[in-house]
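Q: Spelled out, the chains give:
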Amino acid sequence: MRWSKPTPRRFVAPASRRLSRGRPVPAVGALLAFTAAILLASALLLYSSPEEKRISIYSTAANYSLPVLERNGDEYIGLLEVFEPLGAVSAKANGSHWKFRYYDVESEFTAGKTRARIHGSDFDLPSNFLLENRRGLVPLSCLGTLLPRILGGPVTFNQNSRRLFIGNVAVHFTAQVSKTTPPKLVINFTAPVNPTIATEPGKLRMVFTREAVVAPGSQILTFDSKIIPSASFQENNGAAEVAVAASVPLIASFSNDGRTITIEPPPVATTPAQPPQTTAGAATASPTSGTIALAAIRRYFAVVDPSHGGDERGASLTDQLAEKDITLAFARRLRQELETRGLATLLLRDGDSTLSLDQRASLTNSAHPAIYICVHAASQGNGVRVYTALVPIGTENRGPFLSWDAAQTSFQLISRSAGTSLVTELQNKQIAARSLIAPLRPLNNITTAALALEVAPPSNDVSQLNSPAYQQSIAGAIAAGVADVRDKLEAGR
Amino acid sequence: MIPRYLIIGVAVLLAITMGMSFYVWQMRGRVDRSELSTENSQPVAPPVSGPTEQITLYVAYDDTGVLRPKPVRIQLPAGRQERAAEMLRALLTLYLDKVSPHPLGAGSEIRDVYIVDPGLAVIDLNAAFADSHRSGVLIEELTVVSLVQTLSANVPGIVRVKILVEGKERDTLAGHADLSNFYDVPAVNQVVAQLQNAQ
Chain W
295 MRWSKPTPRR FVAPASRRLS RGRPVPAVGA LLAFTAAILL ASALLLYSSP EEKRISIYST
355 AANYSLPVLE RNGDEYIGLL EVFEPLGAVS AKANGSHWKF RYYDVESEFT AGKTRARIHG
415 SDFDLPSNFL LENRRGLVPL SCLGTLLPRI LGGPVTFNQN SRRLFIGNVA VHFTAQVSKT
475 TPPKLVINFT APVNPTIATE PGKLRMVFTR EAVVAPGSQI LTFDSKIIPS ASFQENNGAA
535 EVAVAASVPL IASFSNDGRT ITIEPPPVAT TPAQPPQTTA GAATASPTSG TIALAAIRRY
595 FAVVDPSHGG DERGASLTDQ LAEKDITLAF ARRLRQELET RGLATLLLRD GDSTLSLDQR
655 ASLTNSAHPA IYICVHAASQ GNGVRVYTAL VPIGTENRGP FLSWDAAQTS FQLISRSAGT
715 SLVTELQNKQ IAARSLIAPL RPLNNITTAA LALEVAPPSN DVSQLNSPAY QQSIAGAIAA
775 GVADVRDKLE AGR
Chain A
37 MIPRYLIIGV AVLLAITMGM SFYVWQMRGR VDRSELSTEN SQPVAPPVSG PTEQITLYVA
97 YDDTGVLRPK PVRIQLPAGR QERAAEMLRA LLTLYLDKVS PHPLGAGSEI RDVYIVDPGL
157 AVIDLNAAFA DSHRSGVLIE ELTVVSLVQT LSANVPGIVR VKILVEGKER DTLAGHADLS
217 NFYDVPAVNQ VVAQLQNAQ
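Heads up: the sequence lines are chains W and A, in that order. So the first sequence is numbered by the working numbering: it starts at 295 and just counts up by one. So the second sequence is numbered by the working numbering: it starts at 37 and just counts up by one.
Note that these hints are calculated values from the structure, not bench results. The structure displayed is predicted, hence computed values, not measured ones. Glycine included, every Cβ here is placed at the ideal spot set by N, Cα and C. Some hints here could point you the wrong way.
Stated by the list, open to error - Derived contacts from chain W toward chain A, CB cut-off under 10 Å, selection only:
hint : residue
1    : Arg-409
2    : Glu-426
3    : Arg-679
Said to hold, decoys possible - Simulated pairs of lysine to any residue, SDA-like, Cα-Cα distance not exceeding 20 Å:
hint : chain 1 : residue 1 : chain 2 : residue 2
4    : A       : Lys-204   : W       : Pro-686
5    : A       : Lys-198   : W       : Pro-686
6    : A       : Lys-198   : W       : Asp-398
7    : A       : Lys-198   : A       : Val-152
8    : A       : Lys-198   : W       : Asp-699
Work out the full structure, taking the sequences as your base and the hints as a guide.
A: Shown next as structure tokens:
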């Protein structure tokens, strides 16, 4: 939304009247010309491609993506942009000649010609070199042969998918479905990955744009499982995609510092007629007999969300200490404390991965836990602040359909009750604690009891936030507070 | 022998060149001076005329993590929007002071306040306000609630407040406080009640 001051109107004589003083032009002619111009502009707009063409380049120096240009029906790319992230480059245009230098390798191109000189020898481009505003453009199809001449090393270029690999940078993966009930698809990568994850009926898609993920032996992987029968790999427009087919909805979680992605069905939504402790016991023990499949399905009581992560560092608590690291360390302790009390707990991120607020809410709602606890850390104040959601107005729930922004509305009472229990336990342990309402997403998007914790240092010494003893005492009190209202939370699920 | 007209022509050209050089040098100096003045991070206070009135600012105190009402007397203009903007600027003056109870980054400014009937106020912050704001749930909440409450307590009829940054929507203030939704004044009153009790 933008506001601007209204511009003053100017009144001029109609074009046809002004023109008619010199050379007479009929008004109909002007109208036709105007209509033609409108039609031409509309045609140009309609013709424009909805998706921008891009190329992804992977190297040991950097992984990056560049736009691909259409010129005379061919795909072109700026040569300087390709090399800039890789090392020292310079370019100089002199008339129709364009000199390019990468470290000590000199190249010379001529606008409108296919013949170029690379490091003293001739090189033929598949189509003409273009010079636009002193910017040198080369045909995209020549990158596979041109780059090794300049870089002096191997380059693999998949022109159809527009993915270019400089050196040995490919990230490989293996995928295996476990024999557990329900089955889990465990995908192990040779380097940390951070894909964009989307779900749709019968499919979970992971799109890798910044990672040099390459196809396994076969483009289609089949598994001996009715729930997760197959996964497919494909590449397009500078990205790789792994699509996992399934007969049930799936959720993905990260571990092993982003090297492992585990894909599994979310815990069942229906509440089995058994106390929570039994459920947790079934979750942690490996099933020895195939009694009731439902009992063996891992059903999480709590979802713990270490806020921030990956590219998003959160607050800089000290020069060395980022909020994302403290939240992860504390969340791991909290999971341990909750599981010790028989409360099965899912950690939304167990590594340095980026998750959007919507993804966090979506994953939590799919897991149907009894409580969601989001962890933050701050250098201001001391002790722990426990927050419940400030639900925005104008976003009403209609019948069975919950508004995304007001999804928490029906759970505010149980959330506040849980918050009070946590504050009481913290104060019992002589830890300063305070209960507040805050405009903090994704609390308002969660369809269960939802709390956020902001852990501050015990005194003015911020480095104490990293103290295992301090984290452990808070985690213990929080877990005890959750366990105190276990029955209430289970009933409110 | 060099023709006379050529000598005159060269002399005229030389004079023009020197004149142009002097003009360019003057222009560069002027640009440098104007750049220096734009680098000044202090918010520019518009000239305010009008009677002095008492209003209540809701001031955040970081040391105790509370929000407290503070009556002040300031000059307020006649227009409703201008009055609203002036009230928030008075609040920012406190926060940008050397002994601020809730320091904001240098250059933080209220660009404008728009009152849109029925009962909607839109606060437009500048980029420096959000970009230099300290990150944290409570610290960001104190800022947002302080702005919303100061506005709603002093401008009758406001029931909803929206916060923009440089005229555009933004997800959060500095990574925590949500700016993507509207603030409901009755709901914010509950938060204010909580924030008036020290930890």
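Q: Looking at the structure, which of the earlier hints fail to hold?
A: 1, 2 and 6
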